[in-house]
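S.K.: Read off the chains here:
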Amino acid sequence: MKKGYKKVERMTPAMRIIHWVNFFSMIVAIATGLYIAAPYYQTLIAEPAVDKYVMAWNRWGHFIVAIIFDVTSIVVAYLYFFSRFEKPYKKVLPTGKNIKEFFAVLVNLITLNRSKKFDSSHSDSFNTVYFTIFHLLLAFMLFTGLQLYVEGLESGLSSIGTWWPSMLHIATDWTIPFSHFLVGSSVQDATIMDVRIVHHRIMWVIIVWVVFHIYYQVWRTIFWQEGDIAIAFGGSKFVKEDKKAES
Amino acid sequence: MADDKIESVKSLFTAKSAKVETNKGEKYYENLYAQCRERLDNLKKIVPVSNNIKIKEAIEEEGVSRRDFLKWASATTAMLMLPASFTPLVAEAATLMNRVPVVWIELQDCAGNSEALLRSDGPTVDEIILDIISLEFHETLMAAAGHQAEKQLEDAVETFKGKYLLFVEGSVPMGLNGQYGTLGAKGETFIDHLHRVAKDAAAIVAVGSCATFGGIPAAAPNPTDAKGVMDVVNGKTIVNIPACPANPSNMVGVILHYVLTGQLPELDSLLRPKFAFGYRIHDNCERRAHFDAGEYVEEWGDEGAKNNFCLYKMGCKGPMTFNNCSIVRYNEGVNWPVGVGRGCIGCSEPDFWDKYAYERPMANANIKAPTGGVEKTVDQFGLGLLTAAGIGIGIHAAASAVAGKKDKGEA
Ligand code: SF4
Ligand code: SF4
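Protein sequence lines, in the order shown, are assigned to chains C and G. Oh and the first sequence: position 55 is 55 in our numbering, straight run, nothing missing. Oh and the second sequence: position 213 is 1213 in our numbering, straight run, nothing missing.
Below 20 Å or equal to it, Euclidean Cα-Cα: the simulated SDA-like pairs (lysine to any residue) are: (1) G:1274 to C:157; (2) G:1045 to G:1099; (3) G:1306 to G:1289; (4) C:52 to G:1292; (5) C:100 to C:119; (6) G:1024 to G:1266; (7) G:1274 to C:152; (8) C:3 to G:1406; (9) G:1306 to C:48; (10) C:52 to C:63; (11) C:52 to G:1288; (12) C:87 to C:134; (13) C:116 to G:1401.
Output of the computed footprint for chain C on chain G, the stretches with three or more beta carbons under 8 Å from beta carbons of chain C: (14) 1209–1219; (15) 1273–1284; (16) 1287–1293; (17) 1394–1404.
Source of the hints: derived by calculation from the structure; they are not laboratory data. Glycine included, every Cβ here is placed at the ideal spot set by N, Cα and C.
Given the sequences, and given the hints that come with them, work out the whole structure.
M.R.: Dropping the structure here:
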C-alpha cells in the first residue's frame, strides 16, 4: 500500500458475487433475448428439427438467467434496506445532505474533476441513485418478462402446479396497462404486445446504463487515482489519509 | 371516458388467466344437460318468429349429407367443451336456431364478417345455420331501405324487446360527436344507433376486430376516434368475437351456446369466449417444431418456405395471439393462414393493425417511439439511444483527457 493512503472496504464478498453473477447473466440475457426477438443467426445443422432445438435452447437460457436475476434481485432488495454493511436507501432519501452530495458529484463529472467537494471514500449519493435506477429497470424487466412468460401458460397449468401461473398473474398483470400507457396507442384497450415492446426497449436502456457505468468507473479510476475499478474485484479502494480526515 | 379507462384498467388487474376448465365434473354436466333439455323443449313450443325454414331441409338443399351434419354437431360439441353426450342436444339446438331473434347492425367497417359467412362457394354447416337464424334486421342483407328499413328495425326491437341478440359489426366513430358515421333516413349517428338498439337487447355480440377493439378504423392516427362496442356501451352483457373476419364457427358457437343453455359462454378478461380464445395460435401450430428448432423462412419462396419452416421471421404473431384458428381453421377445417404459408397477423388482438400486423418480428417493426413522433423500429430506437450515449461519453472522455485534472498520485 502506498504511503499516505488508506484502504476502505466498499463491497462485501456477497456484493461482489452478485455483481459478477449479474454481469454474466446480463450478457446471456441480451444475447438470447435478441435472438428470441428476431433470430439473428440461421440454424445450419442439417438435422431434423427435433435434434437441434436452437430457439428452444435460447429461450431456456433466457429463462434460466431470468430466474438467477430474480434471486439476486431479491437479495439486493433485502440488502438495500437491511444490509449491515451499508444501507443504500439511506443515500437516496432526498435529504439536504444527499442532494448536496449528488450535485457535488455531478459537478465533479461535468467539470472534468476540477472541482471535487465530497468524500469519495464511501459510496456517494450519485452512485447510489444510479445503482437504484438500474435495479428499478431490472425489476421492471423481471415483471414484464414474467408476464410474457405466463402469457404462454394460458391453460393455467405448469409443470410445478397451478399456483405458479396464478401467482405470476397476480404479480405481473399490472404490467399490461402500465406498458400500454408507456407505449401509447390509438386504441383504448391494452394488449400484451405493449409489454413485449416495453420489455425490448428497456433492454436498450439497460445497455446504455451499462455503457455509462463502465465508462464512469474507469473514468473515476483514471482521474481520482483511488483505484475505484478495484472495488468490483477486490472489494476495496484507496483514499488519501489527509483527505479522509478533512471531510 | 375517464370512468371507462379506470374500468378497463381495473378489469385488467383482476384478469383471470384464460384457463379453461374442460372437465367440470359429472354432477355439473348432469345438471347442465337437464337444463338444456328443458330449454330446448320450451324453445320448440315457440313458433319460429319470422322464417320457417327447417334446418334439415336447408342443409339437404345445400347438398350436405345428414352424416356431415352429425359430424359437424360432434365437432361443435367438442369446440364448446361439452361432453360427447351433448351431441344430440347440439344437433337439436341447431334446428332451433331460428327461435332466437337476431338483430345485426353494421357500423364503421368493411362488411367483411357478413361476407365471410355469406360468400363461400360451398357453404359450410356453420354458414347455413347463420343463413337461417332468425335475422330480424341486417342492413346489408335486407331488401328494405330508408324509412322502410327504419320501420323494420323499430318493429323488431319492439317485438323482441329484451329477447334478441344484437350482433354488431364495425367500430363506433366517436370523433366530431359521431358525425363521421351516420345512417338511415334521419341521419342518426352510429353512436345513437348503437345505443338505441343495444338498450333492449338480451346481449350484445361484437363480431370482428373493429366491433371489439376498434380494429383497422382505430389504427393510428385513428382519425375518427373509433372505439369498440365494449368501450362505448355500458351495463350490457357483451361478448367479443374478434378476428378479421371473425370465424363463422365461433359466431355459431356463441349463438348455439345461447340457444342451448340460455346463457353466454364463459369469457376471458377481454370478454372473448374462452372456448375459442383460450388457446394460443402458436401452441397448436403445425410448424411449432421448426420454431423450437430455429428453422425459419428467411424470405418468401426460399428453401425454408418450401419445407414449411416456421414463419416467425416473416412476422408470424402466433406466439402472441389467442384464437382457435390453428385448431378449427377456416371453411370447415380446410386451411388457415399459417397452413397456406404466411404468418398470423394477430388479427384478434387489440390494436392489431399497429402492433401486430407489420409482417416482421416486433424488434424490426415500425412502432412509434415513446415520444410519439417519428416511427422507429425498436432496435433502431435502441441503437440511437446507445449512439447518443456513446457520443456523450466520447466527448466527455476527450475533454477529460485534454482538460481533466488528475488527482496527484503521490501524497
Ligand atoms: S408459424 Fe407462427 S404460430 Fe406457427 S410455430 Fe411459427 S411462430 Fe408459431
Ligand atoms: S391466424 Fe392470426 S391473423 Fe390469421 S385469422 Fe387467425 S388470428 Fe387472425
